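K.L.:
Residue strings, one per chain:
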Amino acid sequence: MTHSNVTRRRFLGTTAGFAGAAALGSLAAPAIAQERSVRVLTVGDPFQYSLRELLPEFTAKTGIKVEFEGLGYDALQARLISSFVSKTSDADVINVDQMWAGQYTDNGWIQPLNDFAKGDSDFNINDFVPETLHSISTWRGNLVTVPVASYSQGVMYRKSVFEKLGIDEPAAGWTWDQYKEILGRIHGQEVDGVKMNGTVVCGAQPVPVVHMFSQLSASLNAPWFKAFPGAETWDFTPQMNSENMKRAVSLYKELYGLSPQESINYTWFDAGTRFSQADIGMFYWWSAYFTLVNADGYMTGAPSKVKGDFGIVPCPQDGTNPSRVSLGGWSLGMPSTAGRPEEAWEFIKWATSAETQKAMGLNDKFGHMFSDFSRESLFADSDLLEVYPFLPQARAMLNGADGKLARPPAPIYTTLEGIFGLELNKVLAGQSDVDAALEQVNTLYTNALSGNFMLPYVQPSFNDTFDATKALIASLA
Amino acid sequence: MIGQNTATRKITLYALLALVMLFFIGPIIWFILLSIRPPSTAFTMPPVLNFTPDLGAFTRTMVDPGDNSGQAVNSLIVAISAVLLNLPFSVPAAYALSRFKFRRKKFLMLWYLSLLMAPPVAFLIPYFILMTNVGLSGTYLSMVLVMQTLTIPFSIWLMKSFIDEVPREIEEAARIDGASGWTIMFRVVLPLVMPGLIVTSMFAFVFAWNNAAFPLVLSSQRTATLPIGTLSYFTNTGVTWGNIAAAAVVAMLPPMIIFLVFDRFVVRGLTFGAVKG
Amino acid sequence: MATLSIQNVAKNYGEIKALANVSIDVADGEVLVLVGPSGCGKSTLLRMIAGLEELTGGQMVLGGRDVSYVDPKDRDVAMVFQNYALYPHMTVFQNMAFGLEQRRLAKDVIKAKVMDAARILDLTHLVDRKPGALSGGQRQRVAMGRAIVRNPAIYLMDEPLSNLDAKLRVQMRAELKLLREKLGVTTVYVTHDQVEAMTLGDRVAVLAPYSDKIGSNLQQVDTPHKLYEEPRNIFVAGFIGSPAMNFFKAQIARKGNGLIATIEGTDIAFNLTEAAHPHLSALAGYAGKSVVMGIRPEFFDAPSGAPGRHPVDLDILVSEIVGPDAFLHFDLPTPTVKAEFSRSNDSDEAGLNGARFSARIATEKLTGEAGMISLEVNVAKLHFFDETSTLRIAT
Amino acid sequence: MSHAQVAPARPNRLRAWLPFLLIAPSVILLLSLVLYPLLFALKNSFYFWNLQRSAEPLQFIGLANYKMVLSGPEFLPSLTNTLILSVTGTIIEFALGLAVALLLANRLPGMSVSRALLILPTTIAPVVVGFLFRYMYDPAGGLAGWLLTLIGAPPPAEGILGSSTTALAAILFADVWQWTPFFAIVLYAGLLSVSPSLIEAARLDGASAWTMLWRIKLPLVMKTAVIIIILRFMQLFNTFDLVLVLTKGGPGLSSRTLGYTLYQQGLVDFNIGLASASTWIIVIMVNILVTLYAAIAFKNWEW
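So the sequence lines, in the order shown, correspond to chains A, B, C and D.
My numbering applies: residue 3 is where the first sequence begins, and numbers increase by one.
My numbering applies: residue 38 is where the second sequence begins, and numbers increase by one.
My numbering applies: residue 157 is where the third sequence begins, and numbers increase by one.
My numbering applies: residue 5 is where the fourth sequence begins, and numbers increase by one.
Check before you lean on any hint, since a few could be wrong.
What follows is a set of in silico ranges between Cβ atoms, one per label pair, in the way DEER data are often shown [stated by the list, open to error]:
| hint | chain 1 | residue 1 | chain 2 | residue 2 | range |
| --- | --- | --- | --- | --- | --- |
| 1 | B | 91 | D | 152 | 24 to 34 Å |
| 2 | C | 323 | B | 299 | 36 to 46 Å |
| 3 | A | 366 | B | 91 | 17 to 27 Å |
| 4 | C | 259 | D | 303 | 43 to 53 Å |
| 5 | D | 209 | C | 487 | 48 to 58 Å |
| 6 | D | 62 | A | 245 | 28 to 38 Å |
| 7 | C | 491 | D | 292 | 37 to 47 Å |
The calculated DMTMM-like cross-link candidates involving lysine to aspartate or glutamate, where the alpha carbons are at most 20 Å apart (straight line), are [stated by the list, open to error]:
| hint | chain 1 | residue 1 | chain 2 | residue 2 |
| --- | --- | --- | --- | --- |
| 8 | A | 307 | A | 165 |
| 9 | D | 227 | B | 201 |
| 10 | A | 367 | B | 101 |
| 11 | C | 405 | C | 420 |
| 12 | C | 286 | B | 206 |
| 13 | C | 173 | C | 368 |
| 14 | A | 307 | A | 281 |
| 15 | A | 472 | A | 378 |
| 16 | C | 286 | B | 91 |
| 17 | C | 333 | C | 278 |
| 18 | B | 138 | C | 171 |
| 19 | A | 367 | B | 91 |
| 20 | D | 227 | B | 202 |
| 21 | A | 360 | A | 165 |
| 22 | A | 89 | D | 60 |
| 23 | A | 248 | A | 378 |
Don't read these hints as lab results, they were simulated from the structure.
For clarity, every value in this text was computed on a predicted model and none was experimentally measured.
For each residue, glycine too, the CB sits at the ideal point set by N, CA and C.
Just chain A, with the same shape it has in the complex (with noise of 0.2 Å):
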């Protein structure tokens, strides 16, 4: 062997190595940083596809490149948690479920909004209906993120089935026990050769099925702890076994009764998809079903059974006890590891402008799904009103909503909620009596608190009622 062979043979060898590199390198390599652009991480939900159609009309308007991204509700849970515990986020913008503000707050995951809204005449946060704020975007006095997409919750019920079946439209103010003997008429009668259910709920643990249900428990003013979030002075001491609470629980079961039985498996969609297949006498869900019902399948754009065929009224009240409505959806925040703030807060504010939620509202790509606003003037807007002509009975149903009621937004919410809504899912299967869940849920819920040092609370608390909220609107304004 020669020397020049080895020394072939090594430069080849090196050549390898390097070019191995640089794949790797390659590989690892973030894409080239745009001068300006922000990147924005949400949820696949209906606003989002909308959303996305406008984004060139953004990048036209202030220069900034947007990278978007859209994935399903887990997904987006298990990325934000992984980068909020890595304490870095792969995202400017991104999308906080009502029930993720305030942990993400306390943990300093999100900054508050505060000095950004209150220097920019733009954003006009006087034309927000204060209810949306409240429930989804406010934590301790601080405005945390803004609402993007906001559901209230009301009742959609089949006109032709009513009047077939001789029963008069409900009206505001009627009561769930005559939701309840409407839908025992309907139940299993036989209207134009389909045999009717007359209601659908959603029964699949956890989240479905607690996001349907706390529609009951806010209505019947059954609340999860014994002073929060308006309190001077938070006590999580949970009242799951309260009287009005088994009451709540016993009317689900009650309307599960009522429903298709494989409705214990529902997740939000099944509901709203079930009752666009026509067989559905009347049920209450979120508003976004207003629209979403129309059409046969999400995304198709081609028209349900029902399109046309249905009303909507707000929810039934506890007998004489003013109707107390669920209020949720999603906001916009800024990781407070954001990279490019100025331009995150650009983005925020041009997706929650009457002027973008309009454009999203008439997008018409795959059919109009996008009714979730939250800006005042739009449930007056008559190009909006041509498409979604249910908008002012929506906006009705915002007045006196309360998100933070039905589903109070405690910090460790969603292990409540997974504990909730196995309990719920249970007693619907009938693998557990109403009493004896509660108790069991309540236990859970006492030990699950003080695991978490919650119960006594030591930390601050904040007295965060609707006014709380509104002196905040004001002081930003």
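Dock chains B, C and D against the given chain A, drawing on the hints supplied.
P.N.:
Below, chains B, C and D alone, put in the same frame as chain A:
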């Protein structure tokens, strides 16, 4: 079974085979049909089969807005990189385990095997933290690296069985012929275990291609892979069955094509060296 | 071409001694055959010559150069493996050219050398085939060809014929012999087949599994003829020759100025006189003691009455007639000589029973196939061995 | 003849260390990738660390997390379901796979094409299999329910996934569908290596087809089978993706598995301490199972 192939026996066997194929392949076809059928027929029973195929779901997922086209490319990058990163680690180890005797070898083989049994969910958050700490979070490399915990052990087991079957005298002949270690590796051993390299690469590719757990936390928008894409159609407000099916069909095709094209290596590869052919 | 000197070579696997104290000198152009039962270390020794096994002790000197720690590729050896170890993915031509390519010879030189070897081995029409498409014999030739083209200092062959069927083996054996006459290269050849050993070897080294008694694996190195005529010990005597030598326990006693050797437990006794037996004087020292007596089957013969022959009547159990030769098997009520002394080729070890013996005579002289048959033994050819040292008793 | 090493004749450090040099990269890479999460989990399993409460581990709490996991209402049902799933799953997949392999081993025209196609379910991503079966099981118009009704065994009114009697079985079924072909191909490969002369000999000995299967074919394929059996068992033991897509563990706890509980604790509740304790409980259980299995199944292996 020679000598027993009477007509009845044949008919019975073919009937059984038809049943087996229907059972295992039918659902796949049913799912592929979902991707091209009008949504109105998706949940109609008895099944509607005379529909006009609609490629709309493929258009939506792959062209406009085409969320999944980029993800398909990402999947390809991740899966191919996973193979390329895998082989330099697994082939030498498999070679050593096949050719040398040393203490604790059995332990080592079982240790590799045990890695395939770790609960992947448990590792997601630690991996995210680890990758973030080394500045790799959201990159292809982070996914490719952690996937090696699944692919390298499997590859080593597979490759070892292939190398076991190359008579060591062939290597000795090459040594006596004057070949260097590299020459023996690249001109003698590797060509002889080519089927093994193909099978190993196939499995590494498919493992990486199909993995959903790691990209769930380790990918970013730029690097998200197809399984993440299919997951994103399953949202709170709706499930877009057509889109899911279309994206899933695109996700299913490469592994299927690979396994069908290289079919003859599959049977050979899956004996894990436990049977000598 | 070169000389090979194996000097005190040893190989240990941990505590186990596989080889110890083996020293053999191979002359330039000589064929040395290593023979022995399985486990005797013959293949290990060959692989140590090749450099495929590390030496634990001793030295390997090839062509005057100490190659003990030289890589195989730098030793200038060529080897033919038992399973041929052809490169299955290369054609016959590429198989033969591979070694030359590694030595970076010019392409046309390689081609000339390969085609030359192909012609010698009658492989010219097969050069573009891959080994998978060749018959066993053809593969064997390619393996030979791969060694030949290299023109090495020494050929090493590890049971190159054992994978061939009997007929082909005989044919290839002859061809090998011819080839080696033509090439005249120093060769070390391993086999467990003593016929191969005897026909191919200029000298044959008989190896046995290491035992402390001898302190080496090497039993004897000699020409085939001398191995047969003058085996150094019981092992070699039993190993060389087919069917194997019959061993008996025999009592030596004086008789007149000669000796008498009586097979224990029988009345068969051989009179040994100065004229009838060449090693009588050495044997005389064993008078009154017992020794191991060896009679090769071919030392039996039909009665002829010639001088120096001793008649015996044997009760033949069965006889096998193999063409011109007949093998007669008989039992004697005599104690068994320990099996390890008489270990023969591993292939026909199974039937070895210390008390069963065989004789070989010309078929034409056979008077019956079973029952009492009268034979005679050539007394001069009787071998006697010391019971404890196992060495042959000779002057 | 066995050779301890194929190292060349040179008392060379490099050569002696060659096997370790070849193995080291894989071991180092794998160790660094596996040790970090395990140690991370070990440390945090002794801390109170709920990401919903704080970004950092708050307090050392000893074995409280372990106690909480083991005493949680979902632990025992999860463990039971997991064991049912992994034991019955492995058995069914093995038995069914063997039956299919024996069918394929009849060398009739068309068998090899079928065999090639048969691997397809195994190549599909588990997430996609989840979607596929969610679609099949859909109570509103899924193929499975329709077929069941057709053959006179209508699914429960709550739907296949909604009934506590069928939910776990439905998950099991999806897994069986995906992995039986894998067993079939592997066992088929094993059966191919059973030499025909052995079968002939057994037939001459008068062995029945049943005897032949149990006494000759099975023992010969068992060597391959022991590997895939343990692999599948452990994969099933860690099942979570099918559960996530199909039932989320419901109804009630009917189809909850340890893997899903772990997912819930870690990636939904973000209770890192609790999830870490669960991780170690699972790791310890898995290791005990694997060690026991290895001690029995790999006893007579040549390595």
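K.L.:
So, for every hint listed, does it hold in this structure?
P.N.:
Against the structure, the hints come out as follows:
| no. | hint | verdict |
| --- | --- | --- |
| 1 | 91(B) x 152(D): 24 to 34 Å | holds (28 Å) |
| 2 | 323(C) x 299(B): 36 to 46 Å | holds (42 Å) |
| 3 | 366(A) x 91(B): 17 to 27 Å | holds (19 Å) |
| 4 | 259(C) x 303(D): 43 to 53 Å | holds (48 Å) |
| 5 | 209(D) x 487(C): 48 to 58 Å | violated (34 Å) |
| 6 | 62(D) x 245(A): 28 to 38 Å | holds (36 Å) |
| 7 | 491(C) x 292(D): 37 to 47 Å | violated (59 Å) |
| 8 | 307(A) x 165(A) | holds (17 Å) |
| 9 | 227(D) x 201(B) | holds (16 Å) |
| 10 | 367(A) x 101(B) | holds (10 Å) |
| 11 | 405(C) x 420(C) | holds (6 Å) |
| 12 | 286(C) x 206(B) | holds (18 Å) |
| 13 | 173(C) x 368(C) | holds (10 Å) |
| 14 | 307(A) x 281(A) | holds (10 Å) |
| 15 | 472(A) x 378(A) | holds (15 Å) |
| 16 | 286(C) x 91(B) | violated (52 Å) |
| 17 | 333(C) x 278(C) | holds (16 Å) |
| 18 | 138(B) x 171(C) | holds (16 Å) |
| 19 | 367(A) x 91(B) | holds (17 Å) |
| 20 | 227(D) x 202(B) | holds (16 Å) |
| 21 | 360(A) x 165(A) | violated (34 Å) |
| 22 | 89(A) x 60(D) | holds (10 Å) |
| 23 | 248(A) x 378(A) | violated (36 Å) |
Violation of the numbered hints given earlier is confined to hints 5, 7, 16, 21 and 23; the remaining hints are satisfied by the structure.
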